[in-house]
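Sequences listed follow chains U and R, in order. When you line the first sequence up against the working numbering, it's residues 1 to 210, in that order. When you line the second sequence up against the working numbering, it's residues 1001 to 1219, in that order.
Derived by calculation from the structure, the hints in this document are not laboratory data. Here the structure is a predicted model, which is why all the values come from computation and not from measurement. Accuracy of the hints is not assured; some may be wrong.
Said to hold, decoys possible - A short list of chain U residues far from chain R (calculated; beta carbon distances all over 12 angstroms): (1) Pro73; (2) Asn105; (3) Glu171; (4) Gly186; (5) Leu195.
Said to hold, decoys possible - Computed footprint of chain U on chain R, listed as stretches where at least three residues anywhere in the stretch have a Cβ under 8 angstroms from a Cβ of chain U: (6) 1019-1029; (7) 1069-1078; (8) 1125-1132; (9) 1173-1183.
Glycine included, C-beta positions come from ideal geometry on N, C-alpha and C.
This is what each chain is made of:
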Amino acid sequence: MSGEHHHDHDHDHDHGGQDIPSATALRVKALESLLVEKGLIDPAALDAIVDAYETKIGPRNGARVVARAWTDPAYKARLMQDASSAISEIGFTGSERPHMIVVENTPGTHNLVVCTLCSCYPWLVLGLPPVWYKSTAYRSRAVIDPRGVLNDFGLTLGDDVAVRVWDSTAETRYLVLPERPEGTEGMDEEALAALVTRDSMVGVAKVVAP
Amino acid sequence: MNGVHDLGGMHGFGPVRPEANEPVFHAPWEGRVIAMRRLMGAWPGYNIDAGRHAIERLPPVDYLGFTYYQKWFQSLIDQMIASGTITPQELTSGRNAAGVPVATPPITIANVAKSIAPVGSFQRDTGANPRFTAGDTVRARNIHPEGHTRLPRYVRGHIGTIERDHGAHVLPDSNAHHQGEAPQTLYTVRFAARELWGSARNEADAVYLDLWESYLDPA
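Given these sequences and hints, build the entire structure.
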C-alpha cells in the first residue's frame, strides 16, 4: 500500500457529485499550474480535451450507430460481426479504436452493461458515463439483482425475458442495440436517431416511439 | 487485490438514483482532472492499468466517500509522487523545484485528437494457441492476488462457459505493475445467474465477463 497520500480533502460534499468542495478545485488548479510549468502537459491540449468531452463526444454518436443498424440490415450484420469497424464507418474514430462489442436486445433477451471493478464505459459512442453508472449502488447491484436495478429505472421485465449482464472487466466495450419500437416504421435514420437515448444503449431503458 | 473497489454482488448501497439532465461535468475542475489524466497517460511509466490500480489503492474510506473525479485526482497525485514526476513540496508550492529541467509534452494541441478518443487497442498478435474454445466449460480460479487483477471475487470458483475468443490482450495483472504487457488470450465467459447467486434467480439470466486465460481452469 502507498503511504504517500496527502489527503486534506474536506468531507462536506455528498456522494453523488453534486456539491463541489472548493478546496478540491484549488488543489486541481495548483496541480495544473505545476504540470504546465514543468512542461509535462500542454495547456492548449488540456483545453481541447475538455472541450471535446463537453461538446464533441456523447450519446448522439451511439444513437447514429443504432439508427443505422435499424434501417440498414447489411450495416447491422457488420456491426454484430465486427462492431469496431462498423462504428468507425460512421466516422467516430481515427487510427485508434477500442474493442467494441454490440449486444442486441430482442423480445426474449435484454442486455445490461456495467463495470463492477471500476467504471469502464464506451466513451467513443456514449461520451463520459453519468454519475449513476459510476455509483457503488449500480456497480454492486447490476450483477446480482439486474431486475431490481431495472425497476429503479422504471423498467420491469417479465420472467420470459432473459437478462444478460455484461461486466466490462477488460478493454472491451459494450453497446446495447435496443429494440426498434413499434410505430416507427415510417421514420428515417435521422428521426430514429433522435429517439435513441443513452440509457437505452446501456440497457437500463427501452426506446419508445414518439 | 481484494479491495473495496470489487463491488459486484455487495449489498447495502441503496437504489440507483439517476440525475435528470445531468451535465457532463458538475464543476470545471472535473474536466481539468480528466484531461490531465489523459495527457499524463502519454508519458512513459503511465498506463491505464497502473492508473486503475492507483484508484483501487486509495484508502477504502476515501474510495467510498470520494466522488469519481476526486478519486481520479487523488490517485493521479499518488502516482505522480510515487513515480517521482512531482514532489509533495512542488504540489504544495505549485512551482517547479529549482534546477528541475522543463520537459516537452508528448501530446500537444497538434496531436491531441489521439488522447481524446478512448485508449488504443490492447489486442496483441502473439501467435499462441488459445487453450479454450467456444462452448468449453471452465472454472474461474479461486485466486486472491494482492496486486491488480480483473477477476472479480464474485466469479472466483464458479463454473462458466466460454462464449467467445477475443485473441490475446495485454494482461492488466502484469501491466499495472510495469512488468510488461504479457498478453494472453481473452475470453468472454458466461456464468448462469443461478451458478453465481443461487436457485432463486431466473433460469435464463446470466452474467458475462471478459477473462484472461490464466484466470481459468478447464472444468
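Hey, does Pro73(U) actually stay past 12 angstroms from chain R on C-beta? The assertion about Pro73(U) holds, with a minimum of 23 angstroms to chain R.
Within 8 angstroms of chain U (C-beta), three or more residues of the stretch 1125-1132 of chain R: violated (count 0)
Are at least 3 residues of the stretch 1173-1183 of chain R within less than 8 angstroms of chain U when you compare beta carbons? violated (count 0)
Minimum Cβ distance from Glu171(U) to chain R greater than 12 angstroms, as the annotation requires: Violated, because the least Cβ-Cβ distance between Glu171(U) and chain R comes to about 4 angstroms, which does not exceed 12 angstroms.
Reported absence of Gly186(U) from the contact zone with chain R (all CB gaps over 12 angstroms): holds (30 angstroms)
Asn105(U): least C-beta distance to chain R exceeds 12 angstroms? holds (14 angstroms)
Apply the coverage criterion to the stretch 1019-1029 of chain R and chain U: a residue qualifies when its Cβ sits closer than 8 angstroms to a Cβ of the chain, and three qualifying residues are needed. holds (count 8)
Verify the coverage statement for the stretch 1069-1078 of chain R against chain U, using a C-beta to C-beta distance below 8 angstroms and requiring 3 or more qualifying residues. holds (count 7)
Holds or violated: is the Cβ of Leu195(U) farther than 12 angstroms from all Cβ atoms of chain R? Given that every Cβ of chain R is farther than 12 angstroms from that of Leu195(U), nearest at about 18 angstroms, it holds.
Figure legend: structure checked against the earlier numbered hints; hints not met, in rising order: 3, 8 and 9.
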